[in-house]
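Chemist: Residue 57 is where the sequence shown starts when you use this note's numbering, and the numbers rise one by one after that.
Quick caveat, the hints were computed from the structure, so don't treat them as lab data. Worth double-checking, as some hints may not be accurate.
Unchecked claim - Estimated spans, in silico, between C-beta atoms of each pair:
no.	residue 1	residue 2	range
1	E148	E370	44 to 54 Å
2	K580	R98	47 to 57 Å
3	E186	G294	24 to 34 Å
4	K135	K487	16 to 26 Å
5	D112	P279	20 to 30 Å
6	R508	E186	17 to 27 Å
7	G561	R108	27 to 37 Å
8	E499	K321	40 to 50 Å
9	V93	R450	48 to 58 Å
Unchecked claim - Distance condition first, Cα-Cα at most 25 Å in a straight line; then the derived DSS-like pairs of lysine-lysine:
no.	residue 1	residue 2
10	K312	K404
11	K193	K156
12	K135	K487
13	K580	K606
Computed from a predicted model, the values in this text were never measured in an experiment. Beta carbons are placed, not taken as given, at the ideal position from N, Cα and C, and that holds for glycine.
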Amino acid sequence: MDTFIIVDGYTDEPAGLGVPPYLDVYPRYVAGAIWSVIPSARILYFTIDEVRAKFDEFLGLAQKARVVIVIAGVAVPGKYLGGTPITLSELELLSRIIEKPIKILGGPVAMFGIGSEGGRVAELPDRLKEDYDLVVKGDIELAVYELLVNNYSLEKVSTEITRRDYRLINTFARRGAKIVMQHPNYSRNLIVEIETFRGCPRYIVGGCSFCIEPLYGSVVFRPIEDILLEIEALYSFGVDCFRIGRQTDLYSYMAKDVGKEEFPKPNPQAIEALFRGIRNIAPRLRVLHIDNVNPGTLAHHEKEAREITKIIIEYHTPGDVAALGVESADPRVIKLNNLKATPEESMKAIEILNEIGRRRGYNGLPELLPGVNFVAGLLGETKETYILNYEFLREVLARGLLLRRINIRQVLVFPHTRMWEVGIRIIARHKRYFHAFKKKVRENIDRIMLERVIPRYTVLKDVFTEAYKGEYTLARQVGAYPILVYIPYRIPLFRYIDVAVVDYGYRSITGLPTPLNINSAPRKVLEKVPGLGRSTVAEILSKRPLKRLKDLNGIETPIRLSLEDRFRF
């Protein structure tokens, strides 16, 4: 029996995330391609973090494998709690140290190269290209499929092969679903990225100057029934958290006149059929969220946008985020970079989502709120750009509108985009403006916005404890852009708890488990409980273990009654 090893070095693209707890499509499609040709194949899946932690064990297995496939590529760098993406030096190490198997490199790293935040993406070094038997600039799953149907003949594999439709992919997606059972986050907080279409509806006008999505060409929609069959397969293997995130604009899924209009008319009926179908085949799902939304689509088609927003809220789970690519509030930058929306249009999109989505859901968070992305270093940018961007956010705040997140990043420049010729010259000149803008937003907007989105003492349900940082426990709800919760003492990891919000950082909160164990909580934790003064805390500590709050002399009856549900004994 042939053994195949998939190394997931993690991916992060404008339309797809694959850093734990997220699992992107690449490993699933590749596994499905293998099992489609060799149903009895032994496939071993490793994240790059597992490779680091168990390197000798991994190496022993890899040397005996027939094929080793490495998937990697961070196109939109971020800060990750759940994993650390593979580095160039690690890619080189794997290519040199694994000798016998066929070695294949794929994903965004092979398509576009190696990148780092705020810099030009570097082409892969020639030595790395030579050390891997195949560096697939096209679709890795199709290259693997070609390799196997041609009996491992490397010469018959096109490294540029690219899918034009979803016929094979839909088979791969279903057959590869069971690879989820090997993911380290499986049965914990795993969330799976689901693809609805490839490409950007704005490719007919060239798309944004910095974005790789228009390079895929015309939009190809994935049929509803095929998406549902994949989700049914994933659900049957125990996946209960899904993000409909692998697309450039969810509101354009199955849109009419795509390929003819820059902002094609949305199709609410198709989106309702998709979301209703998901709920029917996965009735006990834990999370159903979305990701990318084009603010221009909402502004150009307000009626349909409102209808779709209501549909999503009917079928999804609360705490959802529609990430809007605002990119810039400077009209000159918008024009020169062919961005998707004017400041007025972006504000309209934010208003529509707030109008329908800001009501609070059962897990403590608003149903569906916008997030906004800003990119620094674009064509036409000046010092004035940062002033306009800040004023835009101040206006959002002044209007009482809510944003779940504000993402500010430096442009990452890719080959074959219009920004490639410009490179990083602009952002290199404007570093001081960028850092000053980011600091100002964090200090003057982020915290205020966070307090509005999650008022003090809000109870957040199903927060998953992920890691320790010093004496703190770090926890997050599963979903789109989860808010980081600092719990001020160590509690057991890898379990779901409820927390009450007691304090704020710029982009995180401090929360206490609720109900709180009054007999084991440290003094510093008890002192954060509203209604407990220092003298009451001292009395609690002196009388523990307590069986009831009535045992305390220094706590007044009204306060005691308000606190009883917050403690366990």
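Chemist: Each hint should be assessed against the structure and marked as holding or not.
Modeler: Hint by hint, here is what the structure shows:
{"no.": "1", "hint": "E148 <-> E370: 44 to 54 Å", "verdict": "holds (50 Å)"}
{"no.": "2", "hint": "K580 <-> R98: 47 to 57 Å", "verdict": "holds (51 Å)"}
{"no.": "3", "hint": "E186 <-> G294: 24 to 34 Å", "verdict": "violated (41 Å)"}
{"no.": "4", "hint": "K135 <-> K487: 16 to 26 Å", "verdict": "holds (19 Å)"}
{"no.": "5", "hint": "D112 <-> P279: 20 to 30 Å", "verdict": "violated (45 Å)"}
{"no.": "6", "hint": "R508 <-> E186: 17 to 27 Å", "verdict": "violated (55 Å)"}
{"no.": "7", "hint": "G561 <-> R108: 27 to 37 Å", "verdict": "holds (29 Å)"}
{"no.": "8", "hint": "E499 <-> K321: 40 to 50 Å", "verdict": "holds (41 Å)"}
{"no.": "9", "hint": "V93 <-> R450: 48 to 58 Å", "verdict": "holds (57 Å)"}
{"no.": "10", "hint": "K312 <-> K404", "verdict": "holds (22 Å)"}
{"no.": "11", "hint": "K193 <-> K156", "verdict": "holds (23 Å)"}
{"no.": "12", "hint": "K135 <-> K487", "verdict": "holds (19 Å)"}
{"no.": "13", "hint": "K580 <-> K606", "verdict": "holds (22 Å)"}
In the structure shown, a violation is registered for the earlier hints numbered 3, 5 and 6, in ascending order.
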